[in-house]
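Participant: Sequence:
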Amino acid sequence: MTQHATRLISWLAFAAALGGCTPALNWRQVNVDTTGVTVLLPCKPDHATRTVALRVASQDMGTNLSLHGCEASNMQFTVGVMVVPSGLAMDEAMAAWRLASLAVLDAEPNQALSVAWPLKGAKLQTLPVRAHVVTPTHQAQWAWFADGNKIYQAAVYGKATEKNLPDAAETYFSGIKLP
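Once you know that position 114 of the sequence shown is 176 in the numbering used here, the rest is easy, because the numbers rise by one and skip nothing.
Incorrect hints may have been included.
BS3-like mimics (lysine-lysine), calculated; alpha carbons at most 25 angstroms apart, straight line [claimed, not checked]: (1) K182 with K221; (2) K106 with K212; (3) K239 with K182; (4) K106 with K221; (5) K106 with K239; (6) K225 with K106; (7) K239 with K212.
No lab work stands behind these hints: they were computed from the structure.
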């Protein structure tokens, strides 16, 4: 083999090794809305807005939900923000959103492990909460927090067998910054 061929093979092997080192989760800072709330997402997000109904005391209250989300490494990462409907207390709206999130996975509130979450800069009017649930087919981790008249939900979804989800969720949630 000639020296030129050996050098070419070495460069190709080096380039392939660099390609193998490309992280599956390419974290980037994303502005959630105009208030200055930012998150780290592991992929370029899509954005959508839709009207949703929060179920509170047997009554549906409509509001707009703005959602950023993307998929990386077989996990879905989302961050949503909604203005709390007038006449509804912040803690009631957050509780309704938590119940709606569990319902999507056919999970009951007693299946979710929920804990208070110390998010730096969060308003004390409504304490931030993190929750985790595993069903036979899926797992999800959520974080809810309030800022002004808005509530936010950061979430990571994956298959029940996805071993990287807890670490990815920890990185994701630790990247949330309030103004």
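Participant: With a cut-off of 25 angstroms on the C-alpha distance, tell me whether K239 and K212 pass.
Facilitator: At roughly 15 angstroms apart (the allowed maximum being 25 angstroms), K212 and K239 satisfy the hint.
Participant: Going straight from one Cα to the other, do K106 and K212 come out at no more than 25 angstroms?
Facilitator: holds, 24 angstroms
Participant: When you check the alpha-carbon spacing of K225 and K106, does it fall within 25 angstroms?
Facilitator: holds, 23 angstroms
Participant: For the pair supplied as a hint, K106 and K221, confirm whether the alpha-carbon distance does not exceed 25 angstroms.
Facilitator: Holds, at about 21 angstroms.
Participant: Hinted pair, alpha-carbon criterion (25 angstroms max): K182, K221. Please report holds or violated.
Facilitator: Roughly 30 angstroms separates the two Cα atoms, so the pair is violated.
Participant: Starting from K239, check that the Cα of K182 is at most 25 angstroms away, please.
Facilitator: holds, 8 angstroms
Participant: Is it true that the CA of K106 sits at most 25 angstroms from the CA of K239?
Facilitator: Within the cut-off at roughly 18 angstroms; holds.
The earlier numbered hint that this structure contradicts is number 1, and it is the only one.
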